[in-house]
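What the sequence shown shows, in the working numbering, is residues 612 to 698, in sequence order.
If you're looking for bench data, these hints aren't it; they were derived computationally from the structure.
Predicted model, so just to flag it, every value in this text is computed and none were measured.
Glycine included, C-beta positions come from ideal geometry on N, C-alpha and C.
The reader is advised that the hints may include incorrect statements.
[What the hints assert, rightly or not] Quick list of in silico lysine-lysine cross-link-like pairs, PhoX-like style, CA-CA up to 20 Å:
1. Lys-614 / Lys-625
2. Lys-693 / Lys-625
3. Lys-617 / Lys-693
4. Lys-629 / Lys-617
5. Lys-629 / Lys-614
[Said to hold, decoys possible] For each label pair, taking beta carbons as the anchor points, the in silico distance ranges come out as:
6. Leu-696 / Thr-631: 19 to 29 Å
7. Gln-657 / Arg-626: 13 to 23 Å
8. Ala-684 / Asn-655: 19 to 29 Å
9. His-660 / Arg-686: 28 to 38 Å
10. Gly-695 / His-627: 36 to 46 Å
11. Gly-632 / Leu-696: 26 to 36 Å
12. Gln-657 / Thr-685: 20 to 30 Å
13. Asn-655 / Glu-682: 14 to 24 Å
14. Asp-630 / Ser-659: 27 to 37 Å
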Amino acid sequence: MEKQEKINVIDAFKRHPKDTGSAEVQVAILSARINQLTAHMAANKQDSHTKRNLLRLVGQRRRMLAYLRREDATRYQDLIAKIGLRK
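Use the sequences and the hints to build the structure in full.
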């Protein structure tokens with residue numbers, strides 16, 4: 612992920628002006644990276660190293676979303692609606 616792309620994701624999901632590490636920002640960054648690796652895997656099906664890292668990132672995002680759902684359900688609902696993870 613390029614630096615400017617990451618900055619754009621952070622700006623879209625931050626909760627206050629200096630926020631770079633809230634759960635929402637972390638999930639958004641993970642989702643952007645997962646989407647990028649998914650596109651890579653579509654073109655390179657035999658890339659097992661990327662597949663392993665993709666699965667690791669999906670697990671991290673799943674745990675972060677579970678934490679957010681436990682702590683604040685409204686923030687969780689807003690986030691998944693904004694990212695478009697669930698139907």
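Taking the hints in turn, this is what the structure says about them:
1. Lys-614 / Lys-625: holds (16 Å)
2. Lys-693 / Lys-625: Measuring from Cα to Cα gives roughly 12 Å; hence the hint holds.
3. Lys-617 / Lys-693: This hinted pair holds, its Cα atoms lying about 17 Å apart.
4. Lys-629 / Lys-617: Given pair Lys-629, Lys-617 holds - Cα atoms ~15 Å apart, limit 20 Å.
5. Lys-629 / Lys-614: Given that 20 Å is the threshold and the Cα spacing comes to 17 Å, the pair holds.
6. Leu-696 / Thr-631: 19 to 29 Å: With Cβ atoms ~21 Å apart, the hint holds.
7. Gln-657 / Arg-626: 13 to 23 Å: violated (40 Å)
8. Ala-684 / Asn-655: 19 to 29 Å: Violated - the Cβ-Cβ distance for Ala-684 and Asn-655, about 38 Å, lies outside 19 to 29 Å.
9. His-660 / Arg-686: 28 to 38 Å: holds (34 Å)
10. Gly-695 / His-627: 36 to 46 Å: Violated - the Cβ-Cβ distance for Gly-695 and His-627, about 24 Å, lies outside 36 to 46 Å.
11. Gly-632 / Leu-696: 26 to 36 Å: violated (20 Å)
12. Gln-657 / Thr-685: 20 to 30 Å: violated (43 Å)
13. Asn-655 / Glu-682: 14 to 24 Å: The hint (14 to 24 Å, Cβ to Cβ) is violated, given that Asn-655 and Glu-682 are roughly 37 Å apart.
14. Asp-630 / Ser-659: 27 to 37 Å: Holds: the Cβ-Cβ distance is about 36 Å, inside 27 to 37 Å.
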